[in-house]
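S.K.: Model the full structure from these sequences, guided by the hints.
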Amino acid sequence: MVERRTFFSVALPHAILMIGVLIVFFPVWLAVVASTWDPATIINGQLGLLPGPYGAENYSRILFSGASSSTREPVWSMMTNSFVMAVGVAVGKIFISLLSAFAIVYYRFPFRMAVFWFIFITLMLPVEVRIFPTYKIVADLGFLDTYQGLIIPLIASATGTLLFRQFFMTVPDELLEASKIDAAGPFRFFKDTLLPLSLTTMAALFVIQFIYGWNQYLWPLLITTRDSMQTIVIGIRKMITTQDALTEWQLAMATAVLALLPPVIVVVAMQRLFVKGLVETEK
Amino acid sequence: MAEVILNDVKKTYPGGFQAVKGVSFAVPDGGMCVLVGPSGCGKSTLLRMVAGLETITGGDVAIGGRRVNDLEPMERDIAMVFQNYALYPHMSVYDNMAYGLRNRKTPEAEIATRVKDAARILELNDEMLARKPRQLSGGQRQRVAMGRAIVRKPSVFLFDEPLSNLDAKLRVQMRVEIRKLQRALKTTAIYVTHDQLEAMTLADMLVVMNAGRMEQAGAPLDVYQRPASVFVASFIGSPPMNFVSGVIESLGVVKLESGETLPYDVNEHIAPVGAKVTVGVRPEIAHVDDNGPLTLPVELIEELGMGRLIHARLGARPFTIAQGPGEARPASASVRASVPPHAVHLFDAGTGLRV
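Sequence order for the protein chains is G and D. For the first sequence, our numbering assigns the number 1 to the initial residue and increments by one for each residue that follows. For the second sequence, our numbering assigns the number 1 to the initial residue and increments by one for each residue that follows.
Hints listed in this document are in silico derivations from the structure and should not be mistaken for laboratory results. A hint or two may mislead.
[Stated by the list, open to error] Listed next, the in silico EDC-like pairs over lysine to aspartate or glutamate satisfying Cα-Cα at most 16 Å (straight line):
#1 D/169 / D/195
#2 D/10 / D/70
#3 G/180 / D/75
#4 D/116 / D/126
#5 D/186 / D/3
#6 G/180 / D/77
#7 D/10 / D/54
#8 G/180 / D/72
#9 G/180 / D/70
#10 D/105 / D/123
#11 D/153 / D/117
#12 D/105 / D/77
#13 D/255 / D/126
#14 D/153 / D/29
#15 D/105 / D/75
#16 G/180 / D/117
#17 D/10 / D/60
#18 G/191 / D/60
[Unchecked claim] To list a few chain D residues with every Cβ distance to chain G over 10 Å, as calculated:
#19 51
#20 52
#21 86
#22 87
#23 100
#24 113
#25 140
#26 183
#27 205
#28 218
#29 229
#30 239
#31 251
Yeah, the Cβ is synthetic: ideal placement off N, Cα and C, and Gly gets one too.
M.R.: Printed below as a string of structure tokens:
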């Protein structure tokens, strides 16, 4: 197909895309603006579209001392909790998925396909469905209010296993055979050949799972009760619903903006690897 | 340095399919054995059994006097060159060659010497050693794959159609290099190919396989001059041998289905008078002769530069004559040809075996 590049064929798609960006970006901008005003302006409905003078004060207060009317936990500690959880979930998922995909693709053991289908079926069982038994197990293990309790129940990943399985199946058999002849055992083959080749796939999975872990709400809500263990998503929620006091919207918005940053940084930093991992099949 | 002995080696897949149906031969120390046959004849399976990549379901394989059936590939002291090279894409050329040695805990200084030596033999310069395989051309990758085998100093080289991914010109060049290299290193080698020309030129010992069986084993010239069956005769030689059916008319004379008679060498073939045979004549030995016994209507003449192919018919069968550069192009629509008696091959019409 030969495309004639007229003014409209260039301008129209761009115009549509820009409108889309504006629609998506507007609420984010409002959050940024709201985080820089004082409560009075927001409550009175005088909030404009330009940032106000209270930015530095709001951010330093929320980061280091916390909102007074709801949770008193400073946001930097919530962010640390969220970060530990998101990294733990992402790294854990990658580790478990790599090992299980390796077993399924390269080992011949009884009921191999049955095991594979079992893993596949768990795709239909997200945290919400198995929440009660999972809570019971975590509670019995004494993992309530701990990082292990936040991370471990979430790290089994059918998606990751499938992704790595598909990738491993495209690795030519000759590489395995060459490794055998080069005196590399199964673990060496995994470490020296499969892992380096899977780097881009790992990056793609890391991005997806980091955001998944960062955005978790239900699970941390259930198993963390101490303020010092709460994650930022829960923190925002607590700030919005306060009893016997006005919601400190400027602080809630500042927290929301801060909560946005780490996922954005991860996506931007890993974007090239991420796209490569999903698209490319370099062998 | 080792001799490789296969004794009644069989491969039956779990589904019941028999890929290799009992093959025995011995490759002498330092010899180059070429397994040749059409695709699906079991030659690669056989090689992979020697390498230890396929289990052996019957018979024995011995390398250097040691039965290796139950040994892992790494314990068999072999090195293998794969058809698609199987270089590790994420490692530099140097690391590709060094990997096997590192896994065997060879000191790093010795690895460096060995890799440098191999690189020198294969004419890979230092700059290439630092590159990744994908930055190399097909011929260079081929050299790296060879290098990976050489640095190990194994007792046996195994080649699995190593040249089939190269273009025609490079293939001829690499063929010569592999032969020189193998001669220089005096390492026993088994080489699998489906290209009969490659097989002829490389082999000290040629093993022709068909449908999981060994049809013939011997020196390439012997196989060419005295093929053991119609299959071998048709597979080895290019253009392929001409076949016509015939009957032994009297001792030393065979009568062709088209009516003509040809004399054959009675020292070569023993067949009773009246026996039905398949007569084989190599295109390059049949020659145009105005007084010859065969009359052949010409269908097409192909000029090759270094000679020409005359595609003609003998009765109902196609019959090709290959002419050398000095010979005159036939002008008429039909030629007469003769075949020296020693070049008439006779095979049993029923079993296809040489009589």
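S.K.: Please flag the earlier hints that this structure goes against, numbers listed from lowest up.
M.R.: Those not satisfied are hints 10, 13, 16, 18, 19, 20, 21, 22 and 23.
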